[in-house]
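K.L.:
Turn these sequences into a full structure, and let the hints steer you where they fit.
2 protein chains.
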Amino acid sequence: MLLLSSLFSSSSSSPHSRLLLLRLHIHLRRSISSSPPPSPSPPPLLDLPLSHPIYTIWASNTGLGKTLVSTGLAAATLLSPFPSSDSAKFIYIKPVQTGFPSDSDSAFVFRKFSQLVLRRRPSFAVSASNHVLKASASAAEAVLGFGSEGEGELRDLGAYEERRLLGEEWAAGAASELTCKTMYAWREAISPHLAVEREGGAVPDKVLLEVLGRCLRIGSEDGRGRMDVWSVVETAGGVASPGPSGTLQCDLYRPFRLPAILVGDGRLGGISGTISAYESLKLRGYDVVAIVIEDHGLVNEVPLLSYLGNRVPVLVLPPVPQDPSDNLMEWFDKSQAVFSSLKEIMLSVYSERIQRFHDMPKRAGDIFWWPFTQHKLVPEETVTVIDSRCGENFSVHKVQNNDFIAQQFDACASWWTQGPDATLQIELARDVGYAAARFGHVMFPENVYEPALECAELLLEGVGKGWASRTFFSDNGSTAIEVALKMAFRKFSLDHGIILDSTDPNTIGKFIEVKVIALKGSYHGDTLGAMEAQAPSSYTGFLQQPWYTGKGLFLDPPTIFMCDGIWKLSLPEGVQSEKLKQEELTFQSRGEFFSKSRDGSSLAGSYSSFISQQLSAYSGLRGFGHIGALIIEPVVHGSGGMHMIDPLFQRVLVNECRSRKIPVIFDEVFTGFWRLGAESASELLCCQPDIACFAKLMTGGIIPLAATLATDAVFNAFAGDSKLKALLHGHSYTAHAMGCTAAVKSIKWFKDPQTNSNITSEGRLLRELWDAELVHQISSHPAVQRVVALGTLFALELQAEGSNVGYGSLYARSLLLKLREDGVYLRPLGNVIYLMCGPCTSPETCSQLLIKLYRRLEEFKPS
Amino acid sequence: MLLLSSLFSSSSSSPHSRLLLLRLHIHLRRSISSSPPPSPSPPPLLDLPLSHPIYTIWASNTGLGKTLVSTGLAAATLLSPFPSSDSAKFIYIKPVQTGFPSDSDSAFVFRKFSQLVLRRRPSFAVSASNHVLKASASAAEAVLGFGSEGEGELRDLGAYEERRLLGEEWAAGAASELTCKTMYAWREAISPHLAVEREGGAVPDKVLLEVLGRCLRIGSEDGRGRMDVWSVVETAGGVASPGPSGTLQCDLYRPFRLPAILVGDGRLGGISGTISAYESLKLRGYDVVAIVIEDHGLVNEVPLLSYLGNRVPVLVLPPVPQDPSDNLMEWFDKSQAVFSSLKEIMLSVYSERIQRFHDMPKRAGDIFWWPFTQHKLVPEETVTVIDSRCGENFSVHKVQNNDFIAQQFDACASWWTQGPDATLQIELARDVGYAAARFGHVMFPENVYEPALECAELLLEGVGKGWASRTFFSDNGSTAIEVALKMAFRKFSLDHGIILDSTDPNTIGKFIEVKVIALKGSYHGDTLGAMEAQAPSSYTGFLQQPWYTGKGLFLDPPTIFMCDGIWKLSLPEGVQSEKLKQEELTFQSRGEFFSKSRDGSSLAGSYSSFISQQLSAYSGLRGFGHIGALIIEPVVHGSGGMHMIDPLFQRVLVNECRSRKIPVIFDEVFTGFWRLGAESASELLCCQPDIACFAKLMTGGIIPLAATLATDAVFNAFAGDSKLKALLHGHSYTAHAMGCTAAVKSIKWFKDPQTNSNITSEGRLLRELWDAELVHQISSHPAVQRVVALGTLFALELQAEGSNVGYGSLYARSLLLKLREDGVYLRPLGNVIYLMCGPCTSPETCSQLLIKLYRRLEEFKPS
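Sequence lines, in order, name chains A and B.
Mapped onto the numbering used here, the consecutive letters of the first sequence carry residue numbers 34 to 896.
Mapped onto the numbering used here, the consecutive letters of the second sequence carry residue numbers 34 to 896.
Everything labelled a hint here was simulated from the structure, so no lab data went into it.
Heads up, some of the hints might be wrong.
As the list makes no split between identical chains, a pair holds if one copy fits it or if it spans any two.
Stated by the list, open to error - Dumping the calculated DSBU-like pairs for lysine-lysine here, alpha-carbon to alpha-carbon at most 35 Å: (1) LYS553 with LYS758; (2) LYS431 with LYS498; (3) LYS601 with LYS694; (4) LYS756 with LYS894; (5) LYS409 with LYS894; (6) LYS614 with LYS694; (7) LYS376 with LYS784; (8) LYS781 with LYS498; (9) LYS758 with LYS395.
P.N.:
Here is the structure:
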């Protein structure tokens, strides 16, 4: 056992009449290991207990008194004259300490608290401890008095001291506890990132968060009631001061999104720093529950409250004595009422939050009208309460014995919109905040403003490269499709001499029949115009779509999927397959069937005759009907059940239409922006459209915005001398600044190898995200009928029959519920389930998802 | 002439060999008056010259060296060894100074600069002046040595000193100038808002901005080339330090949105404060061009650059000597290269901005596809470049002799979306930033998260109060309408026993004909389903809407408008009017025709028979056709030409439909959220729908979001055991967190008298915004056919004939261009023009708009 006098230089040996026992241990202890678990199993998810209040203490600058506030709160909790229970526990956590051991905030809290016990409630039974887990070599040497090997690594310091103050009340068997912990310490009194640079002892963010997570779970494990335990995490320096890795602390701790107490600045100039720090916390999604400032005679609380619109309380602490010999006991006495109020505020916010969590599912079921949801099938207990998201993960409220926040990977990509990692999400928050402040929303037609222009430029240089020259903005995929149809039909009409002049009153109300050619199983959105372009399905009956007639020639497409580790081609009826060789029907790799060399195959010929035949049959049948546009989802049909269409077939189809002067629309709402591994699926298809629609991932998945790109030839079909010849379609928020700003940031982010490590050196494709062996294995599982893995998408169809097949099926429900327990949030398309990640998600994360899925498949028993 | 030694205590009398002349004036001067102009004319718009670089110097805290940076820049500009021209001008403006006269930053710049001239370029010809415009009584007394009357008011101090340093170069006739100005000064060295509180001398923000605007125009008036003039505005304290009125400076100066130099903090803890200050500036829409920090040996620039992703340069100044007797001359010498780089950065950003302004119109015309716009009719020079918006105003780039930024009131409310004043806009920016950081976007169906729940609650308690119980979210008005139609038809089908079960494969593809009843001239959005619910019009021809058939019974409605100061009712053919009294056809006030007492009038009877007749005739005609929904825009038809429909007629129509069990849809996309003076137009109509659609103003006009509200009875029509009976309609970003957050903030803001001074004491209506007398006057103008004024809308139809009538008309063009010169941005609906403000816009602002409109009507010559 080592005695570390330099570390704990307090008045620990001062006698006190009522003190029965006072012990000071300092020994190496590893009750909480700070090493990451060695297992190759999934990284521990950052589950967070809600069984008691946990807060972070932030400050707008260094030296403003965070540690005084922590100490005051500890005293208010444990030494209250009116305790809420016989015994309470206060856990103080200092994740990062520099200037150690001469500066040690956890030692300060420990020491001051002990003094306050003796001063205020000497009869009280309380045990207080202070524990320092890890330290840099030089900080450890300063404590231990000798150095050790392993330059640059952190030492398991495990310095521990404990005091038991067993007052008269001890007899009752009750004892309160103060637990202080410093997780990591460095010797120099500088910013942690600099200390690491100079002394070594790097800590990856992930490891730091895991250790912190375990510290936060301390108080929730001993079964005390909610009100009896408190945890407080005290940060280092200001809100945006770097942590050990250089990550700003406000970003570093974001996954826990703990409610915040902000220690502001009561000095001259302090209003500004306090407000800015508050805004930095808000810009990372934190809830600031109270602001505390020291009184410097400048009544800074008045402008602060005015700025805050009285939504956040501002508490004022008495001036702190400047004399370093002052033991602060009188100051703590004077501050008692403030800390007591602060504690009450924190407790009431905590209680309200828990209450709201419990109320939300019922409220939601009572007043929401969820889309695509049969409310009768959603009992209150299955409603997911989402507290927040951080990158790819939801934080959801759960109850198992106690309340907690669980992390779930958003494997439905929130209806295929999602792309941001945690870093991009915060960058987007700042950028859309900027766009809102700079532009709000401004009128688009005949105007130009930077975000819209830059967005249009990036679209034309990216997904529209080589063919598109115009960008038309709208709000969602569905409207983008309706616009595309209008564009295509106009172009078709001009090209085929069908002129019904809308400026001529005689032709108003007259119309000819113009339809699309499309593929069965494709889906283009929910508005009527988009709906008309899809084949009849369970979505299109009278009760759903009273005006639907199905304005198209709908072809059965050939699909490709993996089964038992082999890619197989499934041909529709009508495609001549007698003469085809086996190698035209099965493939060892994706590269084979995406190869352009298939253009000369006999299958290409079969496709071409099949399409010609269908077109001739249709025009023979209908006489006056025109096919005015081709519309396809390139490569993969999304909503239709994640079917991969043979790219050769789609390429032949495009060529057949082009030769007939039928404009070609690519619906890239689902497939665009790296969803399938390339920025545009047209790259995979090796052919280009005349018109293409984008939405979903375009803004990084953060805000609605859609674009319809078109060639100059299409655009020119709307030129004329009258406004009535223009495209008279537009939505109020066309090209809104926030959406365009988010798109600009995301489009650049996804394709930049600096920000997206999945971008391959050539920059045209994402690296493979789904482990080939695992994919094979799953495709060979008896419960699995077929698998599709491409880009950010992994989909499988469960073997099923009868009513278990199709969109209405609840077949996959039990599997989904199990996977949610594993921290994977899925949403099925009937008996088709899929995992979808973002363009920046690491292959390691994807493998963890596949492993979890495989494990659950093993135990899958259809309901 | 007064000599104020305390004010300018520099080494002004030190002799120098090459000094030819040095004069020190201090006298009262009013070349720039700081009083507002007394005229009742419109408040001077905050036009901003772009003829030379103008920057604001901000700091993350007080005492970081803003004034050193200003001085260094002045020297870099005027004393460069390689001047860009013979003579240059540097204008230094300190709007707000406290601690005066002992602290005077403008005096510091003046003095140090003079010293630097003598040190660096004694042969140089330069004139330097320092001028203090206004001071509080006690600051003035400290300067003048005597007090004066008028406690609490600002004094015209006009302290002025000037030095002419006529070096050898003077012979060449060229002379450079440094102009330093302090606009307002207070004596105590505290925050300006506190100084005002203690010493008096309040300055309204508007006045301060006007004076600053005039100071900023100084350099642009003398015809120098762009590179020769620089202006720098130095703020007081930190970025969010309060100004004299208490408004935070970052908010106060926002209307100019000057590009920013941020002086950061190089000390321990300074990274955090610098980043937070940067974020506060971004959250107000400022562009930060460079960050400057003082070297404190902590290499704070490294994490700053990492945070900034190298997008903003960080410059490091040498350590500033702490010795107060140091004259800093050596420090300025050592800093010369840094200031020179800073100046180059500022110059290049400035030049690029101007260049981009000039390029944007052509780029826009080349790659945008504007909605509702015939591109051929938009020459490059008519494209408006919008640099930003602040509250109701656009800041647009203009060129007249020189480049400048002009303010234009957004009188089209950017397609009727706008509502925020400048304060709400910044609150929305922070709140949507928070929502993006906390939630990004998360999946909605079967889930609940706070912004969506709170938004739904507010909608049901507000616009849906008394009837709605469910909220369905979508993206825009058009999708909200399609959803409403699906809801209504389902309800109608159930109520009338029409069951085509979409789960029964036999009925898939079968359909019955169900249509709407609607009013001619109403407009419900641009997607096909919404379009089908409107009567044939110039929007619906084959070329525009190839699939349009017009699925409705469309009635001609009676309209009400003001003409010659009288409200007149215009009845459609078919409404029996023989027996009507004159008082049923004209009204002295709006209250008369909105009165529910008209329900018993003979006109109500005529309406009722007219509607019954039409319905019977229709069902007789079509046989199998069902009228499955009523859809109306309550009170005013927006896109149809701003026609006010007789509210009695709409009420009777609703009742007729209800008695036939036809569900009633209110399209409140345009009319909702105070647009017409009430939160919901159904309040004006005194009747309630079964379904209502909202969008546009719902989010305050900042971001797309729509909601379709419905009664429980409508919702229950979708209940069942199968998912396929649910409403299978949804968009990816359904109930996205940012949109809901913006809606929550805006809905509360608009109806709270604390934040919206237009809310009347009863809280149900906005006060009258359009001056009655002006409205009368305009309605009597010979060029005007009719006027509608209601809530935030003022519309008029110009007298016109033939092709000048209707949406395609360009009749109003000349009028619009004139009004844009007056700072009013209008967009016409053919020969109908309108002014639209926000719910918080002051009646004074509205009157200014009406006056400008009236003036331009006087000179209106149709093109």
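K.L.:
If a hint holds in the structure, say so; if it doesn't, say that too.
P.N.:
Here is what the structure says about each hint:
When the C-alpha separation of LYS553 and LYS758 is checked against a cutoff of 35 Å, the pair qualifies both within a copy, at 33 Å, and between copies, at 22 Å. In this assembly of identical chains, LYS431 and LYS498 lie within 35 Å of each other by CA distance solely across copies; the values are 33 Å between and 46 Å within a copy. For the identical chains of this complex, LYS601 and LYS694 are intra-copy neighbours only, at 33 Å inside a copy versus 55 Å across copies, given an alpha-carbon limit of 35 Å. Taking identical chains as interchangeable, the C-alpha atoms of LYS756 and LYS894 lie at most 35 Å apart only when they sit on different chains, with a minimum of 22 Å there against 62 Å within one chain.
Taking identical chains as interchangeable, the C-alpha atoms of LYS409 and LYS894 lie at most 35 Å apart only when both belong to the same chain, with a minimum of 24 Å there against 64 Å between chains. In this assembly of identical chains, the alpha carbons of LYS614 and LYS694 lie at most 35 Å apart only when taken from the same copy (33 Å versus 63 Å across copies). Within a single copy, LYS376 and LYS784 get their C-alpha atoms only as close as 48 Å, which misses the 35 Å cut-off; across copies the closest is 33 Å, which meets it. For the identical chains of this complex, LYS781 and LYS498 are intra-copy neighbours only, at 15 Å inside a copy versus 45 Å across copies, given an alpha-carbon limit of 35 Å.
Only between protomers do LYS758 and LYS395 lie at most 35 Å apart by alpha-carbon distance; the minimum there is 22 Å, versus 51 Å within a single protomer.
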